[in-house]
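Spelled out, the chains give:
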Amino acid sequence: MEALQKSAREALENHKAKVIIGYSEGSGGRMRPIFVQSPAEAEKLTWNDRCTQNLAVYIAKPEVQKLGKPALVAPLPVLRAVLQLASENQIKEGDLLVLALSDGRVTELSQFSEMEEFVAKTPTHLASKDQEAIERLEKMTPQERWQYWQSELTRCFKCYACRAACPMCYCSRCTVECNQPQWIPVPAHPLGNWEWHLMRAMHLAGRCVSCGACGDACPLDIPIHLLTMKVEADIHREFGSQAGMKVQSEHALSSFKVQDKENFII
Amino acid sequence: MQKRSIRRAQINVLLEKLLSLHQVIYAPQKLGNQVDFAPLRDLQDLTLDHIQTVRSAKAALFPPVEELLRYQRAGVETELQDRDLTNLAEQVLFGTRPCDAAAIAPLSAVFTTDDQDAIFARRLERTTVISVSCERSDGDCFCTSVGVGPGDSRGSDLLLTRLQDDEYLAEILTAKGEALLQLAPELFGPEPAESKEAHLAKVQKRFDWEALHDKLAGAFDHPFWLRTALACLGCGACAYVCPVCSCFDIQDEGSQKKGRRLRSWDSCGLALFTLHASGHNPRSIQSQRWRQRMMHKFSYMPDQLQQLGCVGCGRCSRACPADMNLIEQVENFLFA
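Line order of the protein sequences matches chains R and G.
When you read off a place in the first sequence, starting at 1, and then add 35, the result is the number in this note's numbering.
When you read off a place in the second sequence, starting at 1, and then add 487, the result is the number in this note's numbering.
Hints are supplied without guarantee of correctness; some may be wrong.
[Unchecked claim] Cβ-Cβ distance ranges computed for the label pairs, FRET-style:
#1 G/GLY562 with R/GLU123: 50 to 56 Å
#2 R/PRO216 with G/THR534: 42 to 48 Å
#3 G/ASP739 with R/GLU48: 53 to 59 Å
[Said to hold, decoys possible] Just some of the chain R residues that point at chain G, by a computed CB distance under 10 Å:
#4 ARG65
#5 MET66
#6 ILE69
#7 PHE70
#8 SER73
#9 GLN88
#10 VAL92
#11 ASN124
#12 LYS156
#13 PRO158
#14 ALA162
[Said to hold, decoys possible] Sample of chain G residues with no beta-carbon within 10 Å of chain R, all distances over it, derived:
#15 SER492
#16 ASP523
#17 THR599
#18 ALA671
#19 ASP695
#20 HIS700
#21 PRO769
#22 ILE772
#23 LEU792
To be clear, the hints were calculated from the coordinates, so they are not data collected in a lab.
Please read all numbers here as calculations on a predicted model, not as lab measurements.
Beta carbons: idealized from backbone N, C-alpha and C, even for Gly.
Take the sequences, apply the hints, and build the full model.
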């Protein structure tokens, strides 16, 4: 904790960043994002297992951008989100600084190449509870899986907390907000919910950094992160690419190769 | 108002009786790791030892999606078919907290001031509210700061307060409450000797809502909003768990020939909410949307409807993925 606060203080004092976006203790045992703009405030920064929000989500927020160059407190998923955003041309080299966290150490990273090296050395496996949940879903028959998602997705009331918490959901106008034509039904009826969540899972295919922030954000505890994590794992297995590992990565669903398997086309 | 007593087991008998009369009972139940309102099918599922449900009981009166009308082209004319309200079921909200019951008044004010919303009014007419007072509260509860209390009877037809292990005080508050008593008078005992006050949760008053209301009147351009809304992600979680938030969208589904018009929940926290067809958005950044939420609840609603838009249930604070705690936001604003 002290190492993190020290790095943050130094980044502000040395004018490497104007704002540190990090985690602080919130209310009722919850963690809260904090925007530290003065060295004295750095003592509020903390880091623990309850920090599940992906802070990279704030990079695109206009009010946050106005604060000046940010330094992100970055556990692995935040770092991967930064690299994925870079690969999608949403941020440029030098736009931000990262205070990468691993094993209680803090590493200041400013170059994308440094971030790539850091990520390459860090294991990217899923949390065991998510891995187990995905395996449970894989073992189900298609009917059982249909039933499972039917009961989960029917509960959704479309508050879009999943989208709001996702650093890769940065579209200035989401498909659900396009109404000429209306692609996805707006109301939170079962069809509208299915179309929304399946569309989101497909749009995140090959782009999801598997942080789980969408599922954590859901006020109704719908494990929506399992959909995008499963698709991401499939893409990794089938195409060998993994989101948020490299800046110059080929996106599995938007790059064509002549040797691509086409046996799925009927 | 009359006071009687009822035992926990007899409450179940009363609920079974209501179920046998084909009444829909919305009641708190354990769903996964959460406690939430849902239609009660089995009394085993009922839980009363929670502090607060994730969602409010609002959906029973103002569903997330509901049909308003159907349309059909007939030659050059369009035939409209209003919603048939005769088949709306009699329903019981059971286990609502006093804050949930207190939220019915501001919700009704939105739907029945000036124009009567026929669907809402009919649904309310067919709803009986059996609340259970709070024995416990948590750090997110602030009902006493907004003029509600853990044993408040407003909005309830019958209010139950646990006195001993399985003995409850039953306050019969309205004609609908009286009808419940008449349905099964043998289930109720005489008025208990004890009063309820000693058994209610102690909810600390955290702020003075009148001071908040007065300060908001001149705070539209206050720098506070920009600073404090930095963390706000711009979702609708707070609005959708709120027992009072009542904004909605109207959507037509179907074809040019036939279809239906639906009303579905909407939230001022979402960017699309105020986006004009021209592309202009009068609330273009999140701090303006957060300000709208605070203003609507604590300034506009009291001024226009003589109702506060908040009952202090604390659900917004519990649901927020960025921990935008309402009590703290208000306290910080009052000191800003």
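Going through the hints against the structure:
{"no.": "1", "hint": "G/GLY562 with R/GLU123: 50 to 56 Å", "result": "holds, 52 Å"}
{"no.": "2", "hint": "R/PRO216 with G/THR534: 42 to 48 Å", "result": "holds, 45 Å"}
{"no.": "3", "hint": "G/ASP739 with R/GLU48: 53 to 59 Å", "result": "holds, 58 Å"}
{"no.": "4", "hint": "ARG65", "result": "holds, 5 Å"}
{"no.": "5", "hint": "MET66", "result": "holds, 7 Å"}
{"no.": "6", "hint": "ILE69", "result": "holds, 8 Å"}
{"no.": "7", "hint": "PHE70", "result": "holds, 5 Å"}
{"no.": "8", "hint": "SER73", "result": "violated, 13 Å"}
{"no.": "9", "hint": "GLN88", "result": "holds, 7 Å"}
{"no.": "10", "hint": "VAL92", "result": "holds, 7 Å"}
{"no.": "11", "hint": "ASN124", "result": "violated, 22 Å"}
{"no.": "12", "hint": "LYS156", "result": "violated, 30 Å"}
{"no.": "13", "hint": "PRO158", "result": "violated, 26 Å"}
{"no.": "14", "hint": "ALA162", "result": "violated, 16 Å"}
{"no.": "15", "hint": "SER492", "result": "holds, 35 Å"}
{"no.": "16", "hint": "ASP523", "result": "violated, 8 Å"}
{"no.": "17", "hint": "THR599", "result": "holds, 23 Å"}
{"no.": "18", "hint": "ALA671", "result": "holds, 33 Å"}
{"no.": "19", "hint": "ASP695", "result": "holds, 20 Å"}
{"no.": "20", "hint": "HIS700", "result": "holds, 23 Å"}
{"no.": "21", "hint": "PRO769", "result": "holds, 15 Å"}
{"no.": "22", "hint": "ILE772", "result": "violated, 6 Å"}
{"no.": "23", "hint": "LEU792", "result": "holds, 24 Å"}
The structure fails hints 8, 11, 12, 13, 14, 16 and 22 (numbered hints given earlier, in ascending order).
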